[in-house]
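Using the sequences and the hints given, assemble the complete structure.
Just so you know, the sequences run in chain order U and E. According to the working numbering, the stretch in the first sequence is residues 9 to 369, in order. According to the working numbering, the stretch in the second sequence is residues 31 to 163, in order.
Hints may be right or wrong, so weigh each one.
[As the list claims (entries may be wrong)] In silico contact screen, one side only, chain E against chain U (beta carbon under 8 Å); selected entries: (1) Ala66; (2) Val69; (3) Leu73; (4) Lys93; (5) Asp97; (6) Tyr99; (7) Asp112.
What the hints contain is simulated information worked out from the structure, not anything from laboratory work. All residues carry an ideal CB built from backbone N, CA and C; glycine is no exception.
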Amino acid sequence: MKKTPLHEEHLRRKARMIDFFGFHMPVMYTSIIEEVKCTRARVGIFDLCHMGRIVVTGPEREDVVRRAVSKNVKKVPVGAARYGLLLTPEGTVKDDVLLYREEDRVHVVINCANRERDHRHFLEHAEGCDAVVRNVSDEQTMIALQGPASARVLAPLTDADLDGLGYYRFTRAEVAGVPRVLLSRTGYTGEDGFELFFGAAEGPAVWRALLESGEEHGISPIGLGARDVLRLEAAMPLYGQELTLEINPFEADVGFGVSMKSEFTGREALLRVKEEGIRRKRIGFEAESRRIPRTGMDILAGGEKVGWVTSGTYSPTLEKNIGMGYVPVEHAEIGAALEVDVKGKRIPAAVVEMPFYKRER
Amino acid sequence: MPVPDDRKYTKSHEWVKIEGDLAVTGITEFAVKALADLVYVDLPEIADLTEKGHPFAEVESVKAVADVYAPVSGEVEEINEDLVDHLDDLAQDPYGKGWLAKIRMSYPEEEKELLSAEEYEEVLAAEEAEGAH
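Following this line, the structure appears as structure tokens:
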């Protein structure tokens, strides 16, 4: 199994480790529920080194990225990050990514499970172009700091102007003595927070410095278990569950990641989808049961199977069981009464607004 | 984690306290800690038949649903009905208030196939060593 630069830190804390797409990753340090609460109320630190990163450089880099990703990189301000998708020619989702536009490069954050396939996707789109596509996933540390106290934890360690760094903006700054860290105000939890990208070798030192700085703010390391609950409460889709090769961006309700006036693989197919309209849609639901609706369970309407659950969890923040899934549009309106088949038992589930949780700003 | 030596165990982290041909069953502290964040327990019904090594209950946590395997064969005589509403009993006191079911044993000789506290401690040591890699 592959190890991240922070692997030893997790073992020392006796984290519960799992195989996550070939990486030996912490799923939980103490308790998923406690880790979710810590992130919502205080601050959490996440090892995200398993996530993939692609860097595209060279004179034609933005032409390459514009064809490879549904969000038009040329319309993204330098110093901003934007959500986009890698699509098949059929307009279905190969991955969801974050684009970071810099003066001399485009930095792309991709999902762990898709590292190789996404790298090939960019290479294919760079053929014959004056651009260089590099998979830098194993050369970097990626750490997230999430939660209301994030800025207070980070501020003493950096020369960056955090107050001036807006949501979905990034900068290059020194953090814990490491120069030119890519520091962005982004995250996958629905909280304020930051994501940091820098060299693999400096990983443990920065991790420890952040934990030390966070001590007075009640920081805790957060495992993948709580990360999944946090993103689900924020109704953020996860590749492999809400997003797959069978689903298009409009069904998944991530049309904000598509620049229809741009020029990208899958655009023709999406024009047809727009014209014909979608037949099924991603929904959020609350389930009235002690048992948790889980990935792959059937969703029923009027006793008939109409869809499936893509993700489900107990939400410690809402103190309810919540989930997302796909159903035909006629069953997707807010308030629609559905059922989920939990191991042969049908539990009531009502369609609700997403996100399930939204922080106060 | 202390392992009470007044009862027997299975490799799959169930405990059994045998009183005559009645087996009080539950899951061990290790199992509870491994699951963490309990949300539900699905107990068998009274008069259900259990078969040693086959699932007879489920414990659900935020992370996953885990089968509980019957440590002995027999008939369920009593269940800890209060547990569903008091999951803390299972989380805090798995060897006491957190018992799951009492099984009237069909084959009392099955007791010999169960692990002693000492043997179960070895199972835990092996799991711990594995968890570190």
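Indices of hints not satisfied (ascending)
3, 5, 6 and 7
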